[in-house]
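A.B. asks: Protein chains in written order, with my numbering: chain A, 252 to 565; chain H, 2 to 309.
Be careful, since some hints might not be right.
Stated by the list, open to error - Using C-beta positions, here's what the derived DEER-type ranges look like:
no. : chain 1 : residue 1 : chain 2 : residue 2 : range
1   : H       : VAL204    : A       : THR533    : 54 to 60 angstroms
2   : A       : LYS270    : H       : ARG294    : 23 to 29 angstroms
3   : H       : VAL204    : A       : SER335    : 37 to 43 angstroms
4   : H       : GLY122    : A       : ALA537    : 38 to 44 angstroms
Claimed, not checked - Here are a few chain A residues that face chain H, going by a calculated C-beta distance under 10 angstroms:
no. : residue
5   : ASN264
6   : ARG338
7   : ASP346
8   : ARG349
9   : THR422
10  : VAL423
11  : GLU425
12  : PHE492
13  : SER495
14  : ALA497
15  : ILE500
16  : VAL548
FYI, nobody ran anything at the bench for these hints, they're computed from the structure. As the structure is a computational prediction, the values presented were derived from the model and not from experiment. Cβ coordinates follow ideal geometry from the N, Cα and C atoms, glycine included.
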Amino acid sequence: MVKTIAQAGLAVNENLVIKRNRITNPNMGLTGKKRVCIVTGTHGDELEGQYVCAKLAGYLSENSSALDGIVDIYPALNPLGIDSITRGIPMFDLDMNRIFPGTSEGTMAECIAADIISDIKGADICIDIHSSNIYLKEIPQVRINEISADELVPYAKMLNIDYIWVHSAATVLESTLAYSLNELGTKTLVVEMGVGMRITKEYCDQLFDGILNLLKNVGVWNGKTKPVREPILSTDHDVDFINSSAAGIFVPCVDHWVDIEKGAHIGDVLDPATGRVEEYVTAPCAGKIFTLREFPVVYGGSLIARILGGKNNA
Amino acid sequence: MRKCTLYSIESPYREPLDVLGYKFGSGEKSICVVGAMRGNEVQQMYVCSQIIKELQRIESYGRIADGCEIMVVPCVNYYSMNIGKRFWTMDNTDINRMFPGYSLGETTQRIADGLFEQLRGYKFGIQFASFYQPGDFLTHVKLMHTGFTDPEKMRDFGLPYAFVREPRPYDTTTLNYNWQIWETNAFSFFLNSTDNIDERSAVDAVDSVIRFMTRQGIIKGSGKGGYLTEIISEKDVVQIHSNIAGIYIPKVNAGDRFSKGDQLCEIFDPMEGEVISQVKAPFDGIVFFRYNRPLEFENSVIFKLIRR
Ligand SMILES: [Zn+2]
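Let the hints inform the model, and build the full structure from the sequences given.
C.D. replies: This is the structure:
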């Protein structure tokens, strides 16, 4: 059942509307049952979650007799952003993932944020699907703040992703949806996968299988599932960043998520006018590339790749 | 006056971005003034350019105090200004959300790092900042209260109001916050306009900054004039939200005094022209902030008012 959970008047004859589709088993009561939320579309240029939601909503609705709990799907937290290929909230130049938990006393965006939080709050698990940005392509991964790692890693492992990145705490991240919900006791996992403005079907299918597996593990789903892959945990490995040191266009010569040797050629930064190789980019360590630049134009500092290195001794 | 390049970055398609600083006097790093960090902060750049002009005059009279160095950075992000963008040209990141910066990080983190290296170590820091929502402010200085900078110092600007605000999580990556962490007494200076030039208020802002420098003994002179500043905090400011979306026509300006019951704005139905809302003043006060675009959404903050 699709319901509007937040709404605000726009200037001319239109409302901003945020919707939720609640999928349940019509032949079963809901008292005492678990609730899992799937949210996406906070950043308007990230679209991988659109397909995951569509696939999940269609499949669960058709097979609702195998449900034993509630699945709430929020396909677009920032519908105006998605509609206009704008990462933030249009008109505000505001990153929506920096205004949570919001407040009903605040601006339109803060009121909407507060309504979203109050609707999701109380759920057992929330999966917040992001897809990097238009610049970088990411292997399917879950990102977890170190302060909630013990609690969240076991659930992240259910999601059929390749990689779990436990990152250090940063004050600025305290205004994200995930941080705010985890504070309120709703275990929230942030998935990053694919690239902005695209749907990478293979990754979406992979996460779809993972979400069904998680639903089964927490007792919300009794239907079919497939075996899931065992993700690599960042805390066991070193992570290396490669940033461009020249300006130009970056042309890669390796694939994502394959093993590479230390010193291996990753790509070149070229001067489009002369063809000169401004930078011959090599791997600083052996490992697997889990982030790879997709948008070709680079400045000094532009991230080109992240490499998951060898096992550390930590 | 010495003009120097504080930080430079190559672009694949444009001339290099050279962030310029203008230095006056020599000796202890006494005060640093930073202007436009965002591409729409035109008034902020203009005020800094006028401060540079005034400091040249002051320097020619030998009135910069011995052993004091002043630096003014009128515009950091002119790349965006030149193409009508607010944030960084390529990835839309905000340089003022990248401090203290990271020399091995992304482009705007590198700019922040390279710049902060040069901005650090001054005793006082003033940043001409802008609010994320479009609107006009009553000119004021703001202190992000980290416990380092003494709020009483704000009186030396001689503006009618100074504002103390508790930092929020997203403030921790701003220049102001990091200045204070690195022991610079930092103030944000809010002008009454951003995208447009207001010459008269620019004159007042220049006077206020020169007065502050004089009262710190960085410029020789009496440092007279100005207002007896009232220091206010968030509890003294009442936000007025619109209760309905539509065409918004304000009836008061930033800085105006009003009495309880006075009309602050009217909101019109955008199609049928009828007045659908009239916002009345809930008490006697002064307009601290006024939204300034013709279209507004439901729940927009259209005014911030100070009780009188
Ligand atoms: Zn995102």
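A.B. asks: Determine whether the Cβ-Cβ distance between LYS270 (chain A) and ARG294 (chain H) falls within the hinted range of 23 to 29 angstroms.
C.D. replies: 28 angstroms, holds
A.B. asks: Holds or violated: ASN264 (chain A) as interface residue toward chain H, Cβ cutoff 10 angstroms?
C.D. replies: 6 angstroms, holds
A.B. asks: Holds or violated: the 38 to 44 angstroms window for the beta-carbon distance between GLY122 (chain H) and ALA537 (chain A)?
C.D. replies: 41 angstroms, holds
A.B. asks: Double-check ILE500 (chain A) for me: the hint is only fine if its C-beta lies closer than 10 angstroms to a C-beta in chain H.
C.D. replies: Given a least distance of 7 angstroms, the restraint on ILE500 (chain A) holds.
A.B. asks: Go through the hint on VAL548 (chain A) and say holds or violated, using the shortest Cβ distance to chain H against 10 angstroms.
C.D. replies: For VAL548 (chain A), the interface hint holds, since the closest Cβ of chain H sits about 6 angstroms away, which is under 10 angstroms.
A.B. asks: Holds or violated: is there a CB of chain H closer than 10 angstroms to the CB of GLU425 (chain A)?
C.D. replies: Holds, because the Cβ-Cβ distance from GLU425 (chain A) to chain H comes to roughly 4 angstroms (cut-off 10 angstroms).
A.B. asks: Does the interface hint hold: is THR422 (chain A) within less than 10 angstroms of chain H, judged Cβ to Cβ?
C.D. replies: 5 angstroms, holds
A.B. asks: A closest beta-carbon separation below 10 angstroms is what the hint needs, so does SER495 (chain A) meet it against chain H?
C.D. replies: This interface hint holds because 9 angstroms falls under the 10 angstroms limit.
A.B. asks: Checking hints one by one. Is ARG338 (chain A) an interface residue toward chain H, by the C-beta closer than 10 angstroms rule?
C.D. replies: With a closest approach of 7 angstroms, the ARG338 (chain A) hint holds.
A.B. asks: So, ARG349 (chain A) near chain H? Judge it on the closest CB pair being under 10 angstroms.
C.D. replies: Hint holds; ARG349 (chain A) Cβ to chain H Cβ min 5 angstroms, cut 10 angstroms.
A.B. asks: Taking the beta carbons of VAL204 (chain H) and SER335 (chain A), is their distance inside 37 to 43 angstroms?
C.D. replies: 40 angstroms, holds
A.B. asks: Please check whether PHE492 (chain A) passes as an interface residue: C-beta within 10 angstroms of a C-beta belonging to chain H.
C.D. replies: Holds, about 7 angstroms.
Checked against the numbered hints listed earlier, the structure breaks none of them; every hint is satisfied.
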